[in-house]
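Listed below are the residues making up each chain.
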Amino acid sequence: MPDLGKYAGEVLTAYGVTIVLLVILVWATRARSARVKRRLEEAEARKNG
Amino acid sequence: MSIWEYANPHKFMRWSGRLLPYVSAGAAILLIVGVAWGFFFTPDDFRQGSTVKIIYLHVPSAMLAINIWVMMLVASLIWLIRRHHVSALAAKAAALIGTVMTLIALLTGAIWGQPMWGTAWAWDPRLTSFLILFLFYLGYLALWAAIDNPDTAADLTAVLCLVGSVFALLSRYAVNFWNQGLHQGASLSLDAQENVHDVFYYPLLFSIGGFVLLFVALLLVRTRTEIRARRLHALEMRERMQN
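In order, the protein sequences belong to chains A and B. Using numbering that gives the first Met the number 0, the first residue of the first sequence is number 0, and each one after it goes up by one. Using numbering that gives the first Met the number 0, the first residue of the second sequence is number 0, and each one after it goes up by one.
Simulated from the structure, these hints should not be mistaken for lab results. Note that the Cβ used here is the ideal one computed from N, Cα and C, for glycine as well. Some hints here could point you the wrong way.
Ranges of calculated distance between the beta carbons of each label pair, as one might list FRET restraints [as the list claims (entries may be wrong)]:
hint: 1; chain 1: B; residue 1: F40; chain 2: A; residue 2: G8; range: 13 to 23 Å
hint: 2; chain 1: A; residue 1: K46; chain 2: B; residue 2: R82; range: 18 to 28 Å
hint: 3; chain 1: B; residue 1: L137; chain 2: A; residue 2: L11; range: 23 to 33 Å
hint: 4; chain 1: A; residue 1: R38; chain 2: B; residue 2: V198; range: 42 to 52 Å
hint: 5; chain 1: B; residue 1: R239; chain 2: A; residue 2: G8; range: 48 to 58 Å
Okay, derived cross-link-like pairs now, DSSO-like style, lysine-lysine, Cα gap no bigger than 30 Å in a straight line [to be verified]:
hint: 6; chain 1: B; residue 1: K10; chain 2: A; residue 2: K46
hint: 7; chain 1: B; residue 1: K10; chain 2: A; residue 2: K36
hint: 8; chain 1: A; residue 1: K36; chain 2: A; residue 2: K46
Given the sequences, and given the hints that come with them, work out the whole structure.
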């Protein structure tokens, strides 16, 4: 861990906020993708079966 | 073969599915290298101290916030002129990513500004146009959510995107137009006198590359999801008509 001096709070907060927002964005994207894909497969199966 | 054939939904699903693993891997590698290099292995700035490390997050997210809106503008124009559904869905898919990038740029800028400027916020031309851009992103998402008919939603959001482009351009050039306010000029410049020092420049390039590839990967996944959602909507409408 580098010595961030008197601005450690600001630097760590900036990195923390960014990582949290990016993780939420990636998670939400993957979750919706999986949900829509599953629902489409079910609808296609109903149509063909 | 015309370039427009790649916008055919079936072809888009095929080529984007092949491309996605490589783009995702590239995004992960460049992001980890750029951010870790910047955070752990670069020195403090003689004036900014360790807060200079925030540029590896702030500059890429601010660049993307503006350029994602420009990408949405191009996709919206293609929709309005050529009526390619994939372009309208790509603009919709990009909007949430742009919203998050704008929020990251605003928050990291405020966190950096408090110790460096003595205030987290000022009604400076660039900061204000960035805040308005963020509100346009929210309005764009709300408009898509409020309208049931996808083609009408694509038309109206495309018009909103044209109007919001004024603020995307202002966000980029406000510093040059007004030459006032707290925000400094561009961190990256072709002029060696204005550019950041090499010790910060190279990790910043990796970080920018990582953010760009992350955007492309998320855009591909979200556009594929929108194409599937459109097909699902059509199937469910057909089922309802038959019952």
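Going through the hints against the structure:
no., hint, result
1, F40(B) x G8(A): 13 to 23 Å, "21 Å, holds"
2, K46(A) x R82(B): 18 to 28 Å, "26 Å, holds"
3, L137(B) x L11(A): 23 to 33 Å, "28 Å, holds"
4, R38(A) x V198(B): 42 to 52 Å, "50 Å, holds"
5, R239(B) x G8(A): 48 to 58 Å, "55 Å, holds"
6, K10(B) x K46(A), "23 Å, holds"
7, K10(B) x K36(A), "17 Å, holds"
8, K36(A) x K46(A), "15 Å, holds"
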